[in-house]
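The task is simple: from the sequences and hints, build the whole structure.
Chains as they are written, first to last, in my numbering: chain F, 1 to 345; chain H, 346 to 690; chain S, 691 to 1035.
Incorrect hints may have been included.
[Claimed, not checked] Straight-line C-alpha distance at most 27 Å; calculated DSSO-like pairs for lysine-lysine: (1) S:Lys1032 - F:Lys337; (2) S:Lys726 - S:Lys771; (3) S:Lys1027 - H:Lys676; (4) F:Lys342 - H:Lys543; (5) F:Lys342 - H:Lys687.
Don't read these hints as lab results, they were simulated from the structure.
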Amino acid sequence: MGQKKLSLQEVANLVRGELVNLSSEIEVSGISSLDKAGETELSFLSDKRYKNKASESKALALLVDKSNASGMGDRAHVIVKDPYGAAIILAESFLVKSEFKPGVHATAIVDETAEVDSSASIGPYCIVGKNVKVGAGSVIESGVKVEDDVTIGSATHVHSNAVIYRESVIGSNCIIKASAVIGGVGFGYTQDNNGNSKQVPHLGKVLIGDDVHIGSSSTIDRGSFDDTVIQNGVKIDNQVQIGHNVRIGTNTVIAGCSAIAGSTHIGSFCMLGGGARISDHLTFTDGVMLSGNSVVGKSIEQPGVYANGFFGLESYRDWAKKVVLFKNINKMDRRLKDLEKKCNE
Amino acid sequence: MGQKKLSLQEVANLVRGELVNLSSEIEVSGISSLDKAGETELSFLSDKRYKNKASESKALALLVDKSNASGMGDRAHVIVKDPYGAAIILAESFLVKSEFKPGVHATAIVDETAEVDSSASIGPYCIVGKNVKVGAGSVIESGVKVEDDVTIGSATHVHSNAVIYRESVIGSNCIIKASAVIGGVGFGYTQDNNGNSKQVPHLGKVLIGDDVHIGSSSTIDRGSFDDTVIQNGVKIDNQVQIGHNVRIGTNTVIAGCSAIAGSTHIGSFCMLGGGARISDHLTFTDGVMLSGNSVVGKSIEQPGVYANGFFGLESYRDWAKKVVLFKNINKMDRRLKDLEKKCNE
Amino acid sequence: MGQKKLSLQEVANLVRGELVNLSSEIEVSGISSLDKAGETELSFLSDKRYKNKASESKALALLVDKSNASGMGDRAHVIVKDPYGAAIILAESFLVKSEFKPGVHATAIVDETAEVDSSASIGPYCIVGKNVKVGAGSVIESGVKVEDDVTIGSATHVHSNAVIYRESVIGSNCIIKASAVIGGVGFGYTQDNNGNSKQVPHLGKVLIGDDVHIGSSSTIDRGSFDDTVIQNGVKIDNQVQIGHNVRIGTNTVIAGCSAIAGSTHIGSFCMLGGGARISDHLTFTDGVMLSGNSVVGKSIEQPGVYANGFFGLESYRDWAKKVVLFKNINKMDRRLKDLEKKCNE
Chain F
1 MGQKKLSLQE VANLVRGELV NLSSEIEVSG ISSLDKAGET ELSFLSDKRY
51 KNKASESKAL ALLVDKSNAS GMGDRAHVIV KDPYGAAIIL AESFLVKSEF
101 KPGVHATAIV DETAEVDSSA SIGPYCIVGK NVKVGAGSVI ESGVKVEDDV
151 TIGSATHVHS NAVIYRESVI GSNCIIKASA VIGGVGFGYT QDNNGNSKQV
201 PHLGKVLIGD DVHIGSSSTI DRGSFDDTVI QNGVKIDNQV QIGHNVRIGT
251 NTVIAGCSAI AGSTHIGSFC MLGGGARISD HLTFTDGVML SGNSVVGKSI
301 EQPGVYANGF FGLESYRDWA KKVVLFKNIN KMDRRLKDLE KKCNE
Chain H
346 MGQKKLSLQE VANLVRGELV NLSSEIEVSG ISSLDKAGET ELSFLSDKRY
396 KNKASESKAL ALLVDKSNAS GMGDRAHVIV KDPYGAAIIL AESFLVKSEF
446 KPGVHATAIV DETAEVDSSA SIGPYCIVGK NVKVGAGSVI ESGVKVEDDV
496 TIGSATHVHS NAVIYRESVI GSNCIIKASA VIGGVGFGYT QDNNGNSKQV
546 PHLGKVLIGD DVHIGSSSTI DRGSFDDTVI QNGVKIDNQV QIGHNVRIGT
596 NTVIAGCSAI AGSTHIGSFC MLGGGARISD HLTFTDGVML SGNSVVGKSI
646 EQPGVYANGF FGLESYRDWA KKVVLFKNIN KMDRRLKDLE KKCNE
Chain S
691 MGQKKLSLQE VANLVRGELV NLSSEIEVSG ISSLDKAGET ELSFLSDKRY
741 KNKASESKAL ALLVDKSNAS GMGDRAHVIV KDPYGAAIIL AESFLVKSEF
791 KPGVHATAIV DETAEVDSSA SIGPYCIVGK NVKVGAGSVI ESGVKVEDDV
841 TIGSATHVHS NAVIYRESVI GSNCIIKASA VIGGVGFGYT QDNNGNSKQV
891 PHLGKVLIGD DVHIGSSSTI DRGSFDDTVI QNGVKIDNQV QIGHNVRIGT
941 NTVIAGCSAI AGSTHIGSFC MLGGGARISD HLTFTDGVML SGNSVVGKSI
991 EQPGVYANGF FGLESYRDWA KKVVLFKNIN KMDRRLKDLE KKCNE
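So this is what it looks like as structure tokens:
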């Protein structure tokens, strides 16, 4: 495969940059971190703290903003407004994307009632069930199970070995990473007349909007009497568990290893730090920011930054103060002892 | 596919209900939550707090108990003893279950020494190894690996892309959800003569009883010198990790994202809340209820409700008191300061 | 399959042991725990606390050290220096390993540009992409996706249904357990000009050294501008999440359900207890031991044993003291009340 190459003129055009100590005809082969960049690659200085690293970098040239350009001396560099933003733009250009041929691979087993757009790609060893719909330009990689009555929009990319259980609905421009599992029956039991536990039948579905990303090995259970709903623009990292009947509002971001228990509703534009644990049947309003590894057992009615609710939920500021006190609990104990001594004298 | 339909007479018979303001010939198409139910569906009022939702629900009719029936006025309803229980019974009736044809799919690779019951179903792209036994009515969906010497009982359902490592034994009436992994070698190392870490050979197996459910992306490691044992009726949610040599007693329920480290023995009829973390080599007696996200480093010898053992295990009541004190640690600090001032004066 | 058999003479030779009350011609069929061992199996006594179990064990003979041999009486036993070490050696001998035929299974889809060593084994329903390299003696089991430009060394074993994303590099003598996912795009977003979140392109790869083990359902994301690097000898348990640009130093051991957020660098010879949560952009020096379920938000610059950093990181000793104080916070409150009373009198 090999990475693409760009001339420095192309680079300058892409990022509206000014070439310094550089010939515009030189070709560069990529863009990397200061540590990793090779002699034919670019790198970028986005934080003054890395100035030393920058001077040691083997990169052919560095993207810098004006404030850092003065320190560059003879070093080849490209002056841009926002070095990190420019790096992202160039990364996009250098990125070699996998190509997928439209059509159904000979080994994919697609039910005759499925409607797969002619521009969609169904990879080897996929199973596509009855009445499934796959929209224009969508890619289903290899080993994916798409059960009966699933609907997938256009330009959605389902990575290898994912499993989409029956009746799930996935929007357009979504990414479902490898081995994600969507639409399994939720964890709900009642007791039958003999006291044996009996699985609650799940009539609800998983409904996923547009521009949603789901991480690898994440699991999203279907609803019981309600649906499980992931609205437009939601981004979910790896190894996240979403219980039955959960609703996640638009553009909310959920970092890795978080878990949201059944029937909890999270608002829009929330950010859940990694490893967050949210109990069942709660409601979060819009705009809630939750620090990593928070354990939350209460609804959150006001937008804001919330911190580790291990002992019940608190604002980040209140929590931080208590943590300092807790960390000094031994001092508190000593002060108390001193007082006791004094009072007893 | 489309959902089944039931006449209200059939509904009344199924739930032993009394139809009020309703003709017994009307057909209903499903049962949903108060919010979601459409005009041809039933819903149910199981909690007085949802009375307002009930009056706004579009449902054709509501299942209610006697105490709520009086408030129904002209609203069509069905009086039953236990509305939620009745809803479960109806959900079971409306549920359209996937059907699996008995037999081995043409693309499944089944070793000639495997004994697959003629009423069992082996789906596409499954691999079934040597000496595997699959009992009557069991279903192995697509892309499942069943390694050599595995035994699966009757009426067990293994969902897509699960992996059952060699020698695992799975009972009857079990459900193994998509991408679960059972029987991998456990995480144990010794050092060889050169100080390099060397994996402990695992001669033990995973033994799973009857009526056991295992969630998606859950992982259950095989034993080293012992077996890993999951007894009858155990229910395990998604993304649960069970270490080598662990034993889980009958009918214990383990919620999502819990982890039980090696050689720990959990009793029967225990309930572990989601995200629980149990250290290795512990023993829990029967009937232990553990609150969500508990971190437990000690054995539990008395049945009861235990709470977040982050600082060591405690009864739920003791823990709750300390949490209140902790949440007021800043007040305690202030009181201490006041006293210090007083004493110094 | 059935386990192998060894004569007691062979056993004695393997573990340099002395047979007592035993004929060297007797054959044994395996080695198990004291509880589980059958009448034709060996067991071992590695801890005096299990002496009662030992006397009740059905095992044909026990491995014991000299100190415990005296209490054996008429019981058949084998005297060895280190009973557990001897048991490991014998387990290795009794272990029946799966055999894999060299060559590519007829149903594997291997790109013509891939270089698969003739002694390697590619199992059924695998997909092997362009320019992939698989070294001598490596085994790729069934249903594995190996994307374009992946390199796998020699004697590496990739278990069923794992997914190796494009450009990942895996060394020799590695084990990748079932359903592990390596090389997916990391969880990083920027905002485009319209305020919509946009995935950061990931030019970095996952680079895995030799003798590395990766657990089932573990997920390791590729780097963005850097690579994600797992150095030689690292052992990673099930359900571990490794974020983009993370580096793990040689021989570090990471227990189950741990998560390491993006760009964090862990040193060599570290041990992370199960369920550890490490924030992003941190650095751990070599030789850091972290207790289970630690939540760490700060770099660690000194080797040593660290404990639950829930309130910020501390040495194990300091932490343990504070936990005792915390557990007595109600007593502290009472003492404070007593003092207040006294002072007010």
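Hints not upheld, ascending by number: When the structure is compared with the hints, only number 4 turns out to be violated.
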